[in-house]
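Enquirer: Chains as they are written, first to last, in my numbering: chain A, 1 to 360; chain B, 1 to 360.
Don't read these hints as lab results, they were simulated from the structure.
Mixed in with the good hints, there may be bad ones.
For identical chains, the list gives no copy identity; a pair is met inside one copy or between any two copies.
As the list claims (entries may be wrong) - Pairs of lysine-lysine residues, derived as BS3-like cross-links and limited to a Cα-Cα distance of at most 30 Å, are as follows:
{"hint": "1", "residue 1": "Lys37", "residue 2": "Lys337"}
{"hint": "2", "residue 1": "Lys242", "residue 2": "Lys338"}
{"hint": "3", "residue 1": "Lys37", "residue 2": "Lys49"}
{"hint": "4", "residue 1": "Lys260", "residue 2": "Lys242"}
{"hint": "5", "residue 1": "Lys37", "residue 2": "Lys260"}
{"hint": "6", "residue 1": "Lys241", "residue 2": "Lys72"}
{"hint": "7", "residue 1": "Lys281", "residue 2": "Lys294"}
{"hint": "8", "residue 1": "Lys335", "residue 2": "Lys294"}
{"hint": "9", "residue 1": "Lys259", "residue 2": "Lys241"}
{"hint": "10", "residue 1": "Lys86", "residue 2": "Lys338"}
{"hint": "11", "residue 1": "Lys259", "residue 2": "Lys242"}
Number of protein chains: 2
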Amino acid sequence: MDNINRKSALKENEGVVPPNSTNASAIAAIQKKRLQKQTAEELISRITKGDAVALSQGITLVESLNPEHHNKANQIIQGCLPFANKSIRIGITGVPGVGKSTFIEAFGSLLTSLGNKVAVLAIDPSSSITKGSILGDKTRMEELVKNPNAYIRPSASGNSLGGVARKTRESIILCEACGYNIILVETVGVGQSETAVHSMVDFFLLLNLAGAGDELQGIKRGIMEMADAVVINKADGENIKKAQLARLEYVRALHLFPKKDSGWPPEVRTSSALEQTGILKIWEMIQEYIILTKENNFFQNNRQEQNQFWMMETIQEEVLMHFYNAPAIAEAIEKNKKAVQKNEISPFAAAQLVLKTYFK
Amino acid sequence: MDNINRKSALKENEGVVPPNSTNASAIAAIQKKRLQKQTAEELISRITKGDAVALSQGITLVESLNPEHHNKANQIIQGCLPFANKSIRIGITGVPGVGKSTFIEAFGSLLTSLGNKVAVLAIDPSSSITKGSILGDKTRMEELVKNPNAYIRPSASGNSLGGVARKTRESIILCEACGYNIILVETVGVGQSETAVHSMVDFFLLLNLAGAGDELQGIKRGIMEMADAVVINKADGENIKKAQLARLEYVRALHLFPKKDSGWPPEVRTSSALEQTGILKIWEMIQEYIILTKENNFFQNNRQEQNQFWMMETIQEEVLMHFYNAPAIAEAIEKNKKAVQKNEISPFAAAQLVLKTYFK
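With these hints in hand, go ahead and build the complete structure from the sequences.
Expert: Structure representation (structure tokens):
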């Protein structure tokens with residue numbers, strides 16, 4: 001067939017593929033190169049001058065899984081460090097439906113109207129599954145997202161909480177260097193992420209709903225005890241009375257908890273993000289907390305402890321990761337877990353067998 | 001001098017050291033050998049026949065830091081495993097002064113009078129410092145210590161909580177194989193040891209005093225949330241009313257906690273170990289718990305999860321121990337912690353430097 005066709009007078013030569021539009025590809029390449037060529041020094045300089053675009057680029061490098069970006073990200077963090085640490089870091093948690101976004105919208109707008117620059121970060125290790133349940137739908141913060149003194153960054157993705165937390169922790173440094181003096185870190189009150197957030201903020205705020213009891217079911221154990229304040233949200237309309245009753249119940253419950261190292265007895269407030277009531281009082285309360293804990297040095301000590309905590313956490317995480325990723329370990333664990341389940345071997349003897357696989 | 005002395009007529013030959021009293025040393029040697037010579041099989045056979053002396057010898061081997069004993073201990077645990085797992089394991093915690101010993105004395109005596117065999121173990125990683133603050137002073141359990149159906153073993157010593165916990169966990173297996181059908185594990189409510197105990201028992205009981213609020217100061221966060229029951233102890237004499245008020249307050253507080261996986265809502269009871277009131281009700285409550293959780297399979301699942309937890313805990317502990325004991329690691333950590341403290345380096349960059357020392 002081929003030969004026949006070739007010989008035929010009807011055969012046409014195939015057309016040549018037209019050359020690319022030189023302009024379009026060149027522009028794309030130039031744009032890409034410009035971003036790549038931007039040195040760490042340039043980015044640091046722009047970030048510390050308050051350039052939000054550079055901040056976003058910096059955080060993108062911090063979040064990048066590309067090993068090439070790793071080194072550059074470290075340089076940027078290192079360069080931003082001397083300009084960081086001057087903010088107030090506030091963690092905000094609460095189960096889905098409690099009105100976190102509306103609250104942050106109202107709270108953040110209040111803060112900027114008082115002359116602050118506010119960065120909103122989120123930590124949500126499950127976001128790869130729920131696909132942006134948290135801060136993803138930026139339209140839920142319509143006002144704040146248009147606010148020139150607010151910076152909103154959705155949750156970093158990643159499959160380990162440690163990894164996501166690390167990225168958020170480093171992003172805080174960049175935001176601070178960029179001049180944001182109040183950092184809000186949002187998280188969903190259903191997992192281990194609260195402990196991670198608690199370890200990177202100065203003040204930890206738990207949002208709740210009125211209704212006493214039932215709505216707590218979704219909140220993981222231990223979160224109540226970490227809270228510096230519980231805010232009963234949606235205290236508006238018919239809810240006001242219920243919210244006030246719930247408040248009294250929380251006051252009583254918190255009274256039973258051990259005193260905090262900060263010397264701050266956790267407070268319970270009501271607020272309506274919708275009607276914008278109680279929001280200013282919450283900010284005043286946080287300021288009182290800052291004054292108290294700076295006076296008694298808890299603020300400073302806590303940050304130092306947090307830094308050391310993150311250093312040790314990172315070390316342990318990577319040592320264990322190295323172990324879990326070693327050849328044949330997953331298999332050995334699976335096999336021995338089954339033996340333990342069948343009561344054929346004690347958990348400790350099983351552990352020894354797994355360890356032999358690694359340390360031999 | 002030497003030569004002169006030798007030649008002198010005044011020189012006496014040194015006397016020969018009189019031979020040891022053959023009997024005494026022989027007896028000691030025989031006793032020692034008898035203990036050493038006892039094979040693992042012999043010990044297992046004696047333990048599973050209910051021989052408390054053999055049980056003590058077995059636990060001594062489990063607790064021994066001598067590597068030679070390690071293998072033998074593992075054999076004994078392995079041999080006891082098929083006879084274990086048939087008991088009810090109850091954790092009992094509370095700050096010093098709450099009356100744990102008196103409570104265990106009363107509770108244990110009640111249990112044996114009902115036909116049970118009770119073993120009392122303790123976990124107290126601080127015992128090397130406080131020198132037997134817990135169960136060490138056996139005279140505080142005068143009755144129980146003389147009771148043929150009770151076995152009391154003071155806390156194992158050791159410098160890591162993991163190590164002490166492991167030994168207690170393995171001792172439980174031996175006690176069960178020896179026929180003890182109720183295991184009480186005592187701990188002081190001031191440290192991390194509660195989490196360890198919680199992970200080895202079926203039911204976790206928190207002892208408290210009346211007085212509402214203040215006495216909780218000494219209890220570490222999170223312990224309230226682990227409790228399956230809170231018992232207000234010393235509810236006798238003038239304390240009765242106070243204890244009942246405290247009870248109501250705890251009921252209200254526990255109501256705010258999330259539901260437990262066991263399906264069991266934590267209960268609050270009052271008791272007087274001194275006047276022996278409320279003790280039987282506590283035992284009835286625990287039996288109700290066991291029935292409920294065996295029906296809904298939580299009991300079985302929880303034990304399996306605990307086994308896997310201990311396997312993984314042991315693995316992680318040893319992997320990290322290997323890291324921390326590696327050459328130059330302690331130094332590298334110290335050095336980088338200081339740099340983090342001075343804000344010269346981010347916690348994550350510091351972690352990388354330490355890790356390089358290990359993995360290079």
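Enquirer: Find the hints from earlier in the document that the structure breaks and name them by number, from lowest to highest.
Expert: Violated hints: 1, 2, 5 and 6; rest satisfied.
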